[in-house]
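Colleague: All chains, full assembly: derive it from the sequences and hints.
Heads up: the sequence shown runs through residues 7 to 183, numbered per my numbering.
None of these hints come from the bench; they were simulated from the model. A virtual CB, placed ideally from N, CA and C, is assigned to each residue, including glycine. Some hints could be false.
Cut-off 30 angstroms, straight-line C-alpha distance, at most; resulting in silico cross-link-like pairs (DSS-like, lysine-lysine) [as the list claims (entries may be wrong)]:
no., residue 1, residue 2
1, 20, 77
2, 105, 77
3, 105, 20
Simulated restraints, written as ranges between beta carbons of each label pair [said to hold, decoys possible]:
no., residue 1, residue 2, range
4, 58, 33, 21 to 29 angstroms
5, 60, 40, 26 to 34 angstroms
6, 81, 36, 20 to 28 angstroms
7, 108, 44, 27 to 35 angstroms
8, 169, 39, 37 to 45 angstroms
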Amino acid sequence: MADLEVTERIRVGKVSFINTLPIFHPLESGAVQHDFDIIDGTPAVLNALLASAQLDLGVVSSIEYARHFDKYLLLPDLSISCKNEVCSVLLLSRVPLQKLEAQEILLTPKSHTSIALLKLLFARRFTVTPRYRVTDYHACGSRWPAGVQAVLAIGDDALQLRQNPEVVMALDLGAAW
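Modeller: Below, the structure is given as structure tokens:
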């Protein structure tokens, strides 16, 4: 029987956020040798790459797994998750939560799970019905997007926007859940 030659390297998806450092730092620093390609991306980008078979394995969101559970093998006891606040998945608002009725909330396109969780919280827990718009506002840095009362931000965007003096309410989705 002839040996099979692998012509393509394995492609592993890495979320470009600090919470993946415990997994990826040893690989990227050379402390752990490997023979695969690490592909950086936001959760939403990695979800799309895995779904289209452009990744072989990777860190993907729970909502992506739920949508395509029949296509994926879930590794047990391995996740990026929380029991309380996370400080980097935030609904940030210039007005109190109750004043978001019928107001537009900008949603980051970087995380499908955060969007689903926010919508679930508003539908089941809060007595407010906002409007939602997915848009890429992250170029604002710590500046508040013009004409907007509230923003769902994750990662570095959340940490930067949280420092904006216009923020009067910050809801940590981990704590709210």
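Colleague: Per the hint of 27 to 35 angstroms, is the separation of the Cβ atoms of residue 108 and residue 44 within bounds?
Modeller: violated (43 angstroms)
Colleague: Between residue 105 and residue 20, is the straight-line Cα distance small enough, at 30 angstroms or below?
Modeller: violated (37 angstroms)
Colleague: Holds or violated: 26 to 34 angstroms for the Cβ distance of residue 60 and residue 40?
Modeller: violated (19 angstroms)
Colleague: Hey, residue 20 versus residue 77, does the alpha-carbon distance stay inside 30 angstroms?
Modeller: holds (19 angstroms)
Colleague: Within 21 to 29 angstroms: is that where the Cβ-Cβ distance between residue 58 and residue 33 falls?
Modeller: holds (24 angstroms)
Colleague: Could you say whether the range 37 to 45 angstroms given as a hint is met by the Cβ separation of residue 169 and residue 39?
Modeller: Cβ of residue 169 to Cβ of residue 39: about 40 angstroms, so the range 37 to 45 angstroms holds.
Colleague: Is the Cα-Cα distance between residue 105 and residue 77 30 angstroms or less?
Modeller: It is violated: about 41 angstroms lies between the C-alpha atoms, which goes past 30 angstroms.
Colleague: For residue 81 and residue 36, compare the CB-CB distance with the range 20 to 28 angstroms and indicate the outcome.
Modeller: This hint holds: roughly 24 angstroms between Cβ atoms.
Violated hints, in rising order: 2, 3, 5 and 7; the structure is consistent with all others.
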